[in-house]
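**Student:** So you can see what is in the structure, the chains are spelled out below.
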Amino acid sequence: MENKDTQRAPVSQKPHSVDKPADTTTIGGTISIEINNEKHTVPLGTTILDACKMTGIHVPTLCHHDDLCIAGVCRVCMVEVEGMRTLQASCAFPITSPIKIHTSTPMVRKARRHVIDLMLSEHHGECYSCVRNNNCELQSLANEYGVDKYTFGHVEKSRFEIDNSSFSVIRDMDKCVLCKRCVRTCIDLQEVGVLESVDRGDKTHISTFMEKDLADVICINCGQCINRCPTGALHANDPSDDIWNAIDDPKKHVVIQTAPSPRAAIGEEFGLEAGHSMTQELNTALRRIGFNAVFDTNFTADLTIIEEGTELIIRLFKALVEKDETVALPQFTSCSPGWVKYLEHYYPEYVDNLSSAKSPQQMFGALIKTFYAEKAGIDPKDMISVAVMPCSAKKFECNRPEMADSGYQDVDYGLTTRELAKMIKEAGINLPEMPKTHFDNPFGDASGAGLIFGATGGVMEAAIRTIVEFVLGKKAEDVFEKANVIPVRGFEGVKYYEIPLGDQFGPVPALIQHLVPNWDWLAGATLKVAVAHGTANAKKIMEDIKAGGKFSECHFIEFMACPGGCLGGGGQPIPTNEEIRKKRAQAIYAEDESLELRKSHDNPHVVKLYEEYLTEGPCGHLSHKLLHTHYTKRGKYIA
Amino acid sequence: MDENKIARDGAVIFSEYTRGEVIKKVVELNRDDILFELKESKLKGRGGAGFPTSTKWMLTAAAKADNKYVICNADEGEPGTFKDRVLLLEYPELVFDGMVIGGYTVGAKYGIVYLRGEYEYMLKSLQDYLEAMRNENLLGKNICGKEGFDFDIEIRLGSGAYVCGEETALIESLEGARGEARNRPPYPVNTGFMGRPTSVNNVETFASVVHIVTKGGQWFKQHGTDKSTGSKLFSVSGDCANPGVYELPWGTTINELLDKVGAVNTKAVQVGGASGVCLSKDQFERQLAYEDAGTGGSIMIFNESRDMVHVLKNFMEFFVEESCGQCTPCRIGNVKLLEGVEMIEKGEYTFRYINQLKELGATMQVASKCGLGQSSPNSFISILENFKEEIFNNGNGGTNGK
Ligand SMILES: Cc1cc2nc3c(=O)[nH]c(=O)nc-3n(C[C@H](O)[C@H](O)[C@H](O)COP(=O)(O)O)c2cc1C
Ligand code: SF4
Ligand code: SF4
Ligand code: SF4
Ligand code: FES
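From first to last, the protein sequence lines stand for chains A and B.
If you number the first sequence the way my numbering does, the last residue is 651 and the count never jumps.
If you number the second sequence the way my numbering does, the last residue is 444 and the count never jumps.
Take these hints with a grain of salt, some might be off.
Unchecked claim - Once the Cα atoms are required to be at most 25 Å apart in a straight line, the calculated BS3-like pairs of lysine-lysine come out as:
id : chain 1 : residue 1 : chain 2 : residue 2
1  : A       : 215       : B       : 257
2  : A       : 161       : B       : 400
3  : A       : 122       : B       : 400
Worth flagging that the hints you see were computed from the coordinates, not collected in a lab.
Let's have the full structure, built from the sequences with the hints guiding it.
**Tutor:** What follows is the structure in structure tokens.
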């Protein structure tokens, strides 16, 4: 029997559930029911909603979301169950007896229409001036039920002030229908817990701890709440107007970098099925919009692997050989700004474990306004640097005060996939029809290793490909079939993997040869790594480390704040669910496999950068200045 | 009627009983005997919903779990109800002994009293009472020498919201969450407090059980009607000479009750509190019984001087505020009904719209997540129906009848 976790605040929204048989093929594992007078057999404990889906019957929903625990609050999914006086919320009704269900009786239809009418009566907002116009579940419901007037009136006055305090998430509670998806996302999917419903009756609303602004609570900016909000009540802080202004200003040199995940998902905004990569079409579209240079964030993902890998080797040497007890291990990845902020709030005592390497976005930002500016002969003050990211937390990250190592704000704007799609549409471009073009030099195209950063486990896989080749002196392909490190792939919440390095190792390449005086200590060692995606899973690992469990023995752990990794980021196209995320992951892995260049250290442009500019090599002086950073112990209470 | 406004001439609840009597009897019985007696008595829950107590206990007893709970619902939040307070203050032996029987029957080791926040003043004396029971081995380990019969009771204070009287919201509140009703199934009898099988019963239900087990289901059944057995405590308030708590057999007619409490010129009787229905004169021959006019015990009397729109407005304001706010039909529906009442008050309404609101009320009755939203339209629908002459012919001009 599942017990509700009442230990954490705010208390979990997960309801107690009915016991389901583990094996539905055993006697009593299934149950016979009737839906609209047709007989069906479903596994015991299936919800009426799922049973209807299995049998091809559409039942409208609003508060239900595949990623989230059951709420049963909007009541739009009601159906009639014979013998029961009241209608039943199909999303919240587990079938445990042979019931007869009717999904479209006059009473059901009238009740659904009433529920929709009621929600509309309190929904203050105009569809045509809303970010979610044409992608709003409330709007779709109204359409589905043929609502052509406000039966029960319509609010005329705004009731809530818009909270635009956050760099990442804007809350417009006038548009909220109180489905509590955001609450369930924040509390139970992410286990952050800054959103809660407060007050009672007609005053009920979604708010934060002590009704503070979002910027003043421990929101990690992951934007997962945005992705699951059915309406425009939550949306990202959109910089596209400023970006248009920069593009339209002839004195500005506007540069854009694109992360791996947006290209795997942006097609969805143009009506394509999930899982179509638009990498090179996107390059063309960006140039047509008017960006002066289009770069691939995967380039700095490759660079991250070199810097972060180097850092790991140095840490391991200090800890294992020099027995330096001040060295923090395991080393944690730091490319997910949502994760970084989560750690800063919840586990501030572990900030030293975070790799000091900046995220690929921020590495790029620092290089664009230094290395690239020099090369191109452009004054960095006339440059505007934009980053297309799958992520809302990247907006916060680029505004961190320490992210100005070029002498200017390194990245001026973080733009989400959704916002970019909007700009492309506004420019009159149909993305899927664009001809394919490459990225611009001097950074050129990047490796598949950088590309798979977009999926959970990708950073780890990229790192493993490089480490194996650096340390074992073997081809990654000889160790892993097609260099695919399958054990760190997939959507399992927490993955653990051990790589025995064996006695045969070296020669270590010149790039890192000088880092440590000798390499013998690696002989016979086993590299232990782990991967977590979604902060709820990250929390599991962190608690294990705190308790001295097996994860505390790891050397390197990849953490991503969002479920599925960046491809499920808070700036990605809506809707999201596991199936969509899987398709995006497939697109990313397929593209990786189609590339010649699949290892970060093989990227000729990276090699060249170290030869020409970062001449002291990885973790050298200039690297440290431009490519590394530090973190803040924030804690859970913000004054 | 005595100085505490209690008419103690009742034949069932207020009949003779001394603390511990039934517990000593119970330890000699097995749980099936008790369940049989309860079934025989046809006792239905006194908290309002009227669910057969024997069934609830049987289901809880049958559920398999390491822990089970018996919860006494002493939230008494229904406007116009104060009979549970009387039982707790003056007849705690009935309530607590009833909980012990409950624990014995369903196999629970813990009992929790969810006490209305406003009743905090009685907390100390109730705790002292429990301590005295422990000293007499009526609570604690091996109760009355019965090996393995362990049961103890804890009192927890409620959080002040009306909805917390709803059994699943009550459990949520006990678990430290917001007082919001749960989805059903799973039902508390299988998955209740801390996910364990739990029987939630009203204060008066426990008191009735004590008499049934002591005196027998047959004896109990002699009172009341065929379908509504035994007697009931009524909290009578409003326009009458002797408001207070009365024990009356089920089946008493409204007229009989009005006589008894000294009500004259009565225009309307609200049966069942704010969530109940409002009856007009022509219905005063109706019986107080589950099969006719059922109630958790609240009777509010309104005489000819009362304005029914005003009465209704009070009820609707109550629900607008007290809805837990999680489900759409109740949270917004009640606001719309209240707006409708205000339109009537101002005379700015159309019949068409009022009829739409009545339909909305009917939807709320079947679409709301819990009993609050399912019953909040009762007063709206019944008052507009039973008092339509008064309400729609109020002579204020307006757009009446458009
Ligand atoms: C809004 C609401 C408030 C309720 N308040 C109470 C209450 O104060 N006391 C009570 O005993 N039952 C209350 N109930 C009924 C309980 O949900 C539950 O049915 C009852 O405690 C079961 O006990 P019984 O079977 O002994 O009647 C309330 C129900 C609703 C929907
Ligand atoms: S952005 Fe993430 S942390 Fe912030 S409120 Fe939304 S779900 Fe919670
Ligand atoms: S903000 Fe959005 S997700 Fe959250 S409750 Fe409101 S409508 Fe639902
Ligand atoms: S019916 Fe009212 S009180 Fe009950 S769950 Fe819905 S909003 Fe809450
Ligand atoms: S979708 Fe089922 S109640 Fe909201």
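**Student:** A separate judgement is required for each hint: does it hold in the structure or not?
**Tutor:** Verification of the hints:
1. With a CA separation close to 50 Å, the supplied pair residue 215(A) and residue 257(B) exceeds the 25 Å bound.
2. Straight-line distance between C-alpha atoms of residue 161(A) and residue 400(B) comes to about 19 Å, which keeps the hinted pair within the 25 Å bound.
3. Between residue 122(A) and residue 400(B) the alpha-carbon distance is near 13 Å, which keeps this suggested pair within the 25 Å criterion.
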